[in-house]
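Using the sequences and the hints, build the whole thing.
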Amino acid sequence: MENVVEMRNVNKTFKGFALKDFSLSVKKGFVTGFIGGNGVGKSTIIKLIMNLLQPDSGEISLFGLNYKNHEKEIKQRIGFVFDNNVLYENITLAEMKKIIKPAYKNWDDTLFHQYINLFELPMKKQIKTFSKGMMMKASLTFALSHHAELIIMDEPTSGLDPIFRRELLDILHDIMQDSEKTIFFSTHITTDLDRIADYITFIHNGQHIFTKEHYKIEEDYAIVKGETNLLDRDTEREFIGIRRSNHGFEALTTNKQRTQNIFGDTVILEKPTLEDIMLYTKKGTDHYATSHS
Amino acid sequence: MLHLIRKDIVLQKYTLLILLPVLFIDLFLDGSRIYVGILFSIAIIMQSFATDEKSSVHFLLNSLPYTRKEIVSSKYVGACVFISLVLLTIFIGNLVIHKEFVPWEQLLFIASIVAVFISLAFPFSYLFKSQYLMIASIVLFVLYFIIVAKFIPDLNDWIRGAVQTLLSLDDTLLYGGAIFSVILLYFCSYMLSVRIYSRKVF
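Top line first, the protein sequences correspond to chains A and B.
Quick note: the working numbering has the first sequence finishing at residue 333, numbered continuously throughout.
Quick note: the working numbering has the second sequence finishing at residue 1505, numbered continuously throughout.
Keep in mind that the hints were calculated from the coordinates and are not lab data.
Some hints could be false.
Below, in silico cross-link-like pairs of lysine-lysine (DSSO-like), each with a Cα-Cα straight-line distance of 30 Å or less [unchecked claim]:
no. : chain 1 : residue 1 : chain 2 : residue 2
1   : B       : K1503     : A       : K82
2   : A       : K112      : A       : K60
3   : A       : K265      : A       : K296
4   : B       : K1402     : A       : K168
5   : A       : K55       : B       : K1432
6   : A       : K265      : A       : K311
7   : B       : K1316     : A       : K108
8   : A       : K164      : B       : K1503
9   : B       : K1503     : A       : K141
10  : A       : K67       : A       : K256
11  : A       : K252      : A       : K67
12  : A       : K141      : B       : K1316
13  : A       : K68       : A       : K252
14  : B       : K1357     : A       : K112
15  : A       : K138      : B       : K1432
16  : B       : K1316     : A       : K168
17  : A       : K252      : A       : K323
18  : A       : K165      : A       : K138
19  : A       : K323      : B       : K1432
20  : A       : K112      : B       : K1432
21  : A       : K55       : B       : K1316
22  : A       : K67       : A       : K112
23  : A       : K141      : A       : K112
This is the structure we're talking about:
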């Protein structure tokens, strides 16, 4: 299967944060949801993909092209939405269009006005008077009006009301009817992903934990509940993170079948949500860090 | 790149609509062409630079299909466009109001001083931020006064004299040399800015 984004052994170090040997690929024609807590490197990775940051080492290619030789060509094919407003605030949408339109070869005025009407955006009002939702709609309109093949969004649903969040997901769903398009978006509202994501990429502390097909996560992962006395040094190794209470323990396993074989009927297995996976992974790595320091 | 320059003009249209007529009025009242020309050019150019300085704008411009080199180039070429606009206003204003041509040496002098200022201000602003230019100029100003007070008491007269001599000279070689130095400085400044901006993290 073709990859639209390919990151190989990318290293990037900042004060207090490092991305080490990071590899990631985003498959063409699918929606990939990008999850992870605050400050684990989601925005850094998106910036690296957009060439807003250059890696210290490693390779990044989009559509099989690298930024060094094909920067403009790549950017022509990307639509972007950031979590904060990047549009000029002291001008109107009509003027903003005058600025953005000439940058793209494939700009489509009909499509632009279609979205403006759909979102009921005022063309003659200064952008600074827009609400957060309107600004997001405006950014989205620009991202969708030049037939981009890859749409990258950094937290597009944060700060939006539930109704517009659903509308947005429906629009993205419509766009995906075209199998040439790819969407990569980060979020920490994991329920959004249940609606549209085909793949989930999960990162924690600058590390790529997994990229899996959404339905596969439920097949592999499970929340295990049982009596605390089942836990010893050996059985604890079966789990990513464990939460103990007076009534027993709750833990996350990455191999549902194996856990079933080991514990049999002594434990209850439940479907994990993406939030469970995020929580237990964080717990697990924090625990690992303390027990090894 | 032309799109980026057009963008600067679109964004500064209100500044231009206010400042250029004011320049016209000033010419009508017989103000100093040189000082006002320099001041207006610098004000418009730095205003246009400051508009693009927010990190969100860096995000926008760098996500659009432009390279960082083009973004810097557009500022340098744009500055020349703004200088030309001011000079053109002075030229036309003078022709209309006083029915006389402005000596080309004066126009060149304004352009050179602005170009020298931009050559210093742009790399500085790309490295830090244009809002620190004020502080930097105050520091330079104080340093200048210390030099005048302690070391070279007649520095002021000396500079005034030098400007007068420069303007009254009609030695083409000297003019050529001055123009060449300014262009060289402007170009070096451009190269430096491209280097700084390509490594900038925002």
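Provide an ascending list of the numbers of those earlier hints which the structure does not satisfy. The structure breaks hints 4, 7, 8, 19 and 21; every other hint is satisfied.
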